[in-house]
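Engineer: Listed below are the residues making up each chain.
2 protein chains.
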Amino acid sequence: MALSFTLLATDGQARRGRLTTPHGPVETPIFMPVGTAATVKGLTPAQLLDLDAHLILANTYHLALRPGSELIADLGGLHRFMHWSRPILTDSGGYQVFSLAEKRDISDAGVRFRSHIDGRPLELTPERAIAIQEQLGADIIMCLDECPSSVDAEPAIQEAMRRTLQWAERCRAAQRRSDQALFGIVQGGLNPAWRIACAEALIKLDFPGYALGGFSVGEPTAQMLAVLDEAAAALPTDKPRYLMGVGTPADLIEGVARGIDLFDCVLPTRNGRNAQAFTASGTVKLRNAGHRTDPSPLDPECGCYTCQHFSRAYLHHLFSAGEMLGPTLVSLHNIAFYLGLMGQLRHAIEAGRFDAVRAEWLTKLGGADRGTADHNKGGWHPDAAAP
Amino acid sequence: MALSFTLLATDGQARRGRLTTPHGPVETPIFMPVGTAATVKGLTPAQLLDLDAHLILANTYHLALRPGSELIADLGGLHRFMHWSRPILTDSGGYQVFSLAEKRDISDAGVRFRSHIDGRPLELTPERAIAIQEQLGADIIMCLDECPSSVDAEPAIQEAMRRTLQWAERCRAAQRRSDQALFGIVQGGLNPAWRIACAEALIKLDFPGYALGGFSVGEPTAQMLAVLDEAAAALPTDKPRYLMGVGTPADLIEGVARGIDLFDCVLPTRNGRNAQAFTASGTVKLRNAGHRTDPSPLDPECGCYTCQHFSRAYLHHLFSAGEMLGPTLVSLHNIAFYLGLMGQLRHAIEAGRFDAVRAEWLTKLGGADRGTADHNKGGWHPDAAAP
Chain A
19 MALSFTLLAT
29 DGQARRGRLT
39 TPHGPVETPI
49 FMPVGTAATV
59 KGLTPAQLLD
69 LDAHLILANT
79 YHLALRPGSE
89 LIADLGGLHR
99 FMHWSRPILT
109 DSGGYQVFSL
119 AEKRDISDAG
129 VRFRSHIDGR
139 PLELTPERAI
149 AIQEQLGADI
159 IMCLDECPSS
169 VDAEPAIQEA
179 MRRTLQWAER
189 CRAAQRRSDQ
199 ALFGIVQGGL
209 NPAWRIACAE
219 ALIKLDFPGY
229 ALGGFSVGEP
239 TAQMLAVLDE
249 AAAALPTDKP
259 RYLMGVGTPA
269 DLIEGVARGI
279 DLFDCVLPTR
289 NGRNAQAFTA
299 SGTVKLRNAG
309 HRTDPSPLDP
319 ECGCYTCQHF
329 SRAYLHHLFS
339 AGEMLGPTLV
349 SLHNIAFYLG
359 LMGQLRHAIE
369 AGRFDAVRAE
379 WLTKLGGADR
389 GTADHNKGGW
399 HPDAAAP
Chain B
19 MALSFTLLAT
29 DGQARRGRLT
39 TPHGPVETPI
49 FMPVGTAATV
59 KGLTPAQLLD
69 LDAHLILANT
79 YHLALRPGSE
89 LIADLGGLHR
99 FMHWSRPILT
109 DSGGYQVFSL
119 AEKRDISDAG
129 VRFRSHIDGR
139 PLELTPERAI
149 AIQEQLGADI
159 IMCLDECPSS
169 VDAEPAIQEA
179 MRRTLQWAER
189 CRAAQRRSDQ
199 ALFGIVQGGL
209 NPAWRIACAE
219 ALIKLDFPGY
229 ALGGFSVGEP
239 TAQMLAVLDE
249 AAAALPTDKP
259 RYLMGVGTPA
269 DLIEGVARGI
279 DLFDCVLPTR
289 NGRNAQAFTA
299 SGTVKLRNAG
309 HRTDPSPLDP
319 ECGCYTCQHF
329 SRAYLHHLFS
339 AGEMLGPTLV
349 SLHNIAFYLG
359 LMGQLRHAIE
369 AGRFDAVRAE
379 WLTKLGGADR
389 GTADHNKGGW
399 HPDAAAP
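Chains as they are written, first to last, in the numbering used here: chain A, 19 to 405; chain B, 19 to 405.
Calculated from the structure, these hints are not laboratory results. Glycine included, C-beta positions come from ideal geometry on N, C-alpha and C. Treat the hints with care, as some may be off.
Unchecked claim - Computed from the model, here is a short list of chain B residues facing chain A with C-beta under 10 Å:
(1) 58
(2) 306
(3) 336
Stated by the list, open to error - Calculated from the model, a selection of chain A residues having no Cβ within reach of chain B, i.e. all distances over 10 Å:
(4) 25
(5) 36
(6) 40
(7) 42
(8) 56
(9) 69
(10) 122
(11) 143
(12) 170
(13) 171
(14) 194
(15) 251
(16) 329
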């Protein structure tokens with residue numbers, strides 16, 4: 019058994035659970051820092067351990083292109099390659115093929131495309147996506163899906179859904195390793211009926227976990243949440259649910275409220291590199307001149323290394339001077355903030371206080387920039403696309 | 019008393035000593051990692067503590083320009099600003115004015131120049147150099163000197179020497195804080211007689227420590243060492259000696275052999291950012307394709323975090339992918355290598371085995387690229403000049 023999931027408590031739709039993986043337990047709901055190219059940008063694995071990150075995500079597309087999944091397998095697998103002994107989830111590479119690769123040619127067989135790094139022609143099929151992920155060796159792996167934007171036209175979304183289901187079946191059949199949990203991905207755009215139909219078809223294949231894909235690519239948040247309400251309800255309660263590539267702190271709270279267990283997003287690290295910090299009272303832009311002389315910590319409520327030891331003035335200085343330590347310290351804080359928020363939500367569910375905690379947080383966050391601008395502009399995974 | 023220096027052992031000219039500063043002890047001979055803009059590039063203070071760095075260097079010129087020494091003073095001084103509670107040494111800014119600033123106009127009064135950041139006109143005088151360093155609050159501060167290249171024409175070197183002596187006297191007179199040790203700087207190019215004359219004139223001013231400036235700017239190593247032989251011998255034995263901006267691992271060994279106690283150099287961090295690692299068997303260029311599949315550690319003899327947990331293949335991958343973690347991990351290793359080398363030299367002096375250890379090391383290093391190419395190309399301090 020690659021994965022077991024235990025539901026420890028519920029509070030409304032919100033769920034408090036525990037995943038057990040070959041690389042240890044994961045308390046849910048949880049946020050996964052994104053380690054696109056086998057590194058969470060700017061942080062050492064030791065720093066991630068200090069932050070008590072558990073599950074992290076790596077991108078199959080990037081790793082398959084560079085350094086290659088075969089090499090990683092030869093070197094003992096992804097955990098050993100990047101020195102992360104806790105659980106890892108890899109995506110299928112599908113989203114990146116659709117968002118980063120050039121000259122895509124999609125058919126039922128798979129996707130032909132050109133590498134965004136060196137232009138060489140490549141092909142990704144459901145079988146190949148599984149083979150690559152088996153070489154990487156993550157604890158949780160994903161089916162190849164076709165990823166239309168949720169704001170695409172209906173025929174494109176329906177076609178993508180049909181193909182995603184066909185590919186899910188082929189991924190299931192292609193799986194050889196028994197120590198990896200393969201999740202199915204629900205597509206269907208912003209049409210709740212299609213989402214439900216897609217979920218029901220996947221459930222027949224009996225995956226150990228289910229993901230909701232194709233969100234956070236430009237649709238209004240309210241619309242995403244309305245679809246989530248119905249799509250999450252269509253999924254089995256005894257399996258983990260993963261909302262791919264979402265989102266802002268408020269999105270995470272709303273996702274948990276709708277029964278989501280797993281989240282990933284590049285916002286904490288990407289915004290961190292751009293001097294934007296998440297705090298309980300909204301985002302802080304450290305390049306702003308107002309921080310130049312500010313002796314106070316980034317977030318007085320935060321216990322992370324950055325907030326315990328450095329002033330906003332110092333962080334402002336690091337970004338002014340173009341010093342690497344700026345991105346590192348703010349990424350570190352942002353991940354601490356995301357992980358801390360999820361910890362509070364877990365605790366709130368256990369205590370039966372989820373609604374109150376949710377309302378408190380949304381009030382705090384709602385009073386300030388929720389970070390949605392960046393979120394909607396950039397989509398999710400292609401963290402490594404920018405140089 | 020800002021600083022005391024105890025000579026614990028000697029072995030030939032090599033010295034094993036201990037500096038006591040307001041921020042704790044420093045075992046000598048020691049290498050100082052360079053933290054130009056109040057950060058050792060790519061590393062957190064916590065990582066520097068893990069490496070057991072003690073004394074670090076910061077650049078007055080850079081900090082005076084950005085964020086400004088007055089601001090740092092308002093924020094509690096440099097130690098607090100950058101969260102480094104161990105000793106710090108600041109240079110005077112002179113070298114950077116001569117190597118980085120634009121439109122220099124030197125007179126006995128001081129140097130007028132334009133900022134290399136924004137072009138605004140500035141002036142550095144001996145009095146101003148001390149005032150700035152008193153605002154920064156390092157444990158060891160330096161006199162303003164005129165820094166000709168050691169390969170400049172003789173009249174220029176003699177003039178610089180005369181002015182350096184005059185400025186040293188003014189720096190001494192300008193000093194107000196009693197908790198900082200002000201070092202004099204010996205100039206005199208590659209002429210041993212001038213070096214000796216400069217040293218003797220400075221000794222009359224009775225500084226708590228002496229530096230040798232103007233090396234490592236293009237002269238052949240053998241010539242530098244020949245001058246060092248005589249210049250170091252002219253300095254009092256009961257005061258610490260600092261060879262500014264030098265150098266490669268072999269240079270450090272040869273400097274210690276000539277009685278030098280303190281060294282600083284950007285090589286470990288600058289080369290680290292460029293994927294070049296120092297090891298006991300010479301430099302390793304991690305971008306070389308040969309490392310792509312290499313499962314072995316960077317330096318099998320090294321106990322640092324990088325060498326204990328990551329393969330050359332992973333480091334090669336990080337640089338190929340342009341990931342920040344590459345510069346961080348290799349800078350970390352390079353500093354560990356430099357600090358470890360100095361630790362071995364201290365131990366060898368205590369054990370009366372310095373000549374044997376020196377010969378062993380030079381044989382190991384001599385068989386490979388000593389890293390002199392980069393060293394001669396770039397000079398020393400202007401680590402932050404490149405964007």
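Engineer: Run every hint past the structure and note whether it holds.
Structural biologist: A quick look at each hint next to the structure:
The criterion of a C-beta within 10 Å of any C-beta in chain A is met by residue 58 of chain B, whose closest approach is roughly 8 Å, and the hint holds. Checking residue 306 of chain B against chain A by beta carbon gives a least distance of about 14 Å; that is not within 10 Å, so the hint is violated. Here the hint on residue 336 of chain B is kept, as its CB sits about 6 Å from the closest CB of chain A, short of 10 Å. Distance to chain B confirms residue 25 of chain A as a non-interface residue, since its nearest Cβ pair spans about 36 Å, more than 10 Å.
Against chain B, the non-interface label of residue 36 of chain A holds: every CB pair exceeds 10 Å, the least being about 28 Å. Against chain B, the non-interface label of residue 40 of chain A holds: every CB pair exceeds 10 Å, the least being about 20 Å. Residue 42 of chain A, annotated as away from the interface, keeps every beta carbon of chain B farther than 10 Å; the closest lies near 18 Å. Against the 10 Å criterion, residue 56 of chain A falls within the reach of chain B, whose nearest CB is about 7 Å from its own CB.
Every CB of chain B lies more than 10 Å from the CB of residue 69 of chain A, the least distance being 13 Å, so the non-interface label holds. The non-interface label for residue 122 of chain A is consistent with chain B: the shortest C-beta to C-beta separation is roughly 22 Å, beyond 10 Å. No beta-carbon of chain B is positioned within 10 Å of the beta-carbon of residue 143 of chain A; the least distance is around 25 Å. With a least CB separation of 30 Å from chain B, residue 170 of chain A remains clear of the 10 Å interface cut-off, as annotated.
Residue 171 of chain A, annotated as away from the interface, keeps every beta carbon of chain B farther than 10 Å; the closest lies near 35 Å. Listed as outside the interface, residue 194 of chain A is consistent with that label: its C-beta sits roughly 24 Å from the nearest C-beta of chain B, beyond the 10 Å cut-off. Distance check for residue 251 of chain A against chain B: the nearest CB is about 40 Å away, which clears 10 Å, and the non-interface claim stands. With 10 Å as the threshold on Cβ separation, the claim that residue 329 of chain A sits away from chain B is violated: the shortest Cβ distance comes to roughly 6 Å.
Hints 2, 8, 16 from the earlier list are contradicted by this structure; the remaining hints agree with it.
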